[in-house]
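Protein chains in written order, with the working numbering: chain A, 1 to 324; chain B, 325 to 656.
A portion of the hints provided could be inaccurate.
[Claimed, not checked] In silico SDA-like cross-links for lysine to any residue, where the CA-CA straight-line distance does not exceed 25 Å:
hint : chain 1 : residue 1 : chain 2 : residue 2
1    : B       : Lys648    : A       : Gln105
2    : B       : Lys594    : B       : Pro581
3    : B       : Lys527    : A       : Pro54
4    : B       : Lys648    : A       : Pro162
5    : B       : Lys469    : A       : Gly71
[Said to hold, decoys possible] Using C-beta positions, here's what the derived DEER-type ranges look like:
hint : chain 1 : residue 1 : chain 2 : residue 2 : range
6    : B       : Phe343    : A       : Pro54     : 54 to 60 Å
7    : B       : Lys366    : A       : Pro160    : 41 to 47 Å
8    : B       : Phe343    : A       : Asp27     : 20 to 26 Å
9    : A       : Pro54     : B       : Thr522    : 24 to 30 Å
10   : B       : Leu495    : A       : Gln125    : 24 to 30 Å
11   : B       : Leu495    : A       : Pro294    : 57 to 63 Å
12   : A       : Ala123    : B       : Arg585    : 45 to 51 Å
13   : B       : Thr389    : A       : Pro47     : 26 to 32 Å
Keep in mind the hints are simulated off the structure, nothing from the lab. C-beta: ideal position from N, C-alpha, C; glycine also.
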Amino acid sequence: MTYREAVRAALRKALRGDPRVFLMGEDVGRYGGAFAVSHGLLGEFGPERIRDTPLSESVFVGAGIGAALGGMRPIVEIMTVNFSMLAMDQILNNAATLRHMSGGQFSVPLVVRIATGGGRQMAAQHSNSLEVWYAHIPGIKVLTPATVTDAYGMLLGAIPEPDPVFIFEHATLYPLEGDVDETAKIADINRAAVRRAGRDVSLITYGGTLGKTLQAAELLAAESIDAEVIDLRSLRPLDTAAILDSVAKTHRAVIVDEGWKTGSFAGEVSAQIMELGFDDLDAPVARVCSAEVPMPYAKHLETAALPQVEGIVNAARNMVPRHG
Amino acid sequence: MSANIVSETLPVNQEHALFLFQEMLRIRRFEEKAAEMYSLQKIHGFLHLYIGEEATGVGAMQAFTPDDAIVATYREHGHALARGMQAPVLMAEMFGKATGCSHGHGGSMHFFDASRRFYGGYAIVGGGLPIAVGLALADKMQGRKRVTACFFGDGAVAEGEFHESMNLAALWKLPVAFLCENNLYAMGTALVRHQSQTNISLKARAYNMESGAVDGMDVLAVEAAAKRAAEFVRSGNGPFLLELQTYRFRAHSMADPDLYRTKEEIEEWKKRDPIPLFKFRLQEWGYLNESDMVRIESEISAEIEEAVRFAEISPEEPIEDLLKDVSTQVKP
């Protein structure tokens, strides 16, 4: 099935499994979802549980928080991460704070799914990767499923969480094909995964750039550079141990992240390696991020702005000593 | 009843009338003490006093049952007390103590009490409204006949969250009583300087929502109007916007030099102070004499002294627990 179908299958399973679960967001019902993720769910579950909302990000995210406080298990869809900025008050000031600010009296079991990322010529207001802004906030979890299996498993893993979980679905992944074991037990949403084992350099990434990073690893293999690919899967909590384990083995790290380089999540990963794994490093940590520019529309410019396979290969090649 | 001033009051018996009076006086004395504690640097951060607005919170709260939910603002001492939260845990919260209603994490602006369905003080103006909409959505989806009471000020009416919340609550016919405490100032900006339409209750019409306005200095009028609003909502008719027209006698917060309004204006409003106004009526009706008054003042004074004592002697939250409530502690 596709990544899109995997998210839908997880939504269906969650809706069937718990009457408190409902989906709400812009065009999730009759339209079937801007990315067709929720296509068909309205017919199966009805308008009470598949709720089309007005274009009011602040109130439908806030209503998700309130409904969670009121005993429901809401799943809120935000059409793009850029639109999520309109709900940032509710996310930062309410969802993330209520538990602590109330002295532990309230928790907010809310799941928010957000489409993210560039690469589809959607220009400057629909193409950002702002996961790092979310990962900055204590009190929430930030997940970035990069595979079809994780699209399914991590959503189901998020539903029983007692605190708010934000799931970033890179929009280029929706047509991705893969296998899903629907009978598998709920995925661990807190751990990174080694997607390719290697000895020479750690390529650390998440979400939409996993595919490019794996391609880069294959090209590097042709040059006898054995790259390990780490998929972070969760940005908060961050599986620092997995990063350090990999760097302890390879002694080199390239972080690939579609966010702008300045203040990027790659910067955070780099800092963690520096603080906790400095003695393991044989080369400075490198980052492959987006260019510091509002995302351009024209294909060649957008391609140049985003991390690409060639840039990842170059970054890795530059830090691995020549063999022979 | 859209945009009409509701002036009629319910018949009131002596016991209930005295209860309302004592509730208002208790809030007034509690906050006077809080201001004193702020001056003594026992309370820090922001302290927003409700003095002058007691009739709105006390009157309105009578319309809601323990099953209903309350969402309030950062000026919520009055709502918390009127909801039944106890003065000692509120004072301890403002002292930043572990025994405070939010373990000292919230302070004056963030009182919470799960047992009383008091969903908190929200310090981003308008930020509580979407939460109230969601609480009401949960009730509606679960078939519970509850109402969510959502307090906010006139300043919130300028926020997008007000308009988004009004629209969604009306569209989905959610059981929210929107209670706008219009004290005529958004911090220091007068209503006429921040609203193109200063008739707040009229705004409900744009959302096809029922509304009304009431003299917020008259506790009985507020109670009657709030009860009608709450019953309207409870009967499944969707939300209701009630504007409570009031005035704050003190500055916006303790940090506010109050330069944006005249002393004459404040003095004019103080003539309508809800507490002496109601006291006069109680005396007229023969419900209250001077010896009752001495007894009531002394009981309230004892309660508040006890609150201060409790706050003083209470322990602080241990620093080891700094991160404890950031996320739910999952038992392995």
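Status of each hint after checking the structure:
no.	hint	verdict
1	B:Lys648 x A:Gln105	holds (12 Å)
2	B:Lys594 x B:Pro581	holds (18 Å)
3	B:Lys527 x A:Pro54	holds (19 Å)
4	B:Lys648 x A:Pro162	holds (14 Å)
5	B:Lys469 x A:Gly71	holds (15 Å)
6	B:Phe343 x A:Pro54: 54 to 60 Å	violated (42 Å)
7	B:Lys366 x A:Pro160: 41 to 47 Å	holds (43 Å)
8	B:Phe343 x A:Asp27: 20 to 26 Å	violated (51 Å)
9	A:Pro54 x B:Thr522: 24 to 30 Å	holds (26 Å)
10	B:Leu495 x A:Gln125: 24 to 30 Å	holds (26 Å)
11	B:Leu495 x A:Pro294: 57 to 63 Å	violated (35 Å)
12	A:Ala123 x B:Arg585: 45 to 51 Å	holds (48 Å)
13	B:Thr389 x A:Pro47: 26 to 32 Å	holds (30 Å)
Violation of the numbered hints given earlier is confined to hints 6, 8, 11; the remaining hints are satisfied by the structure.
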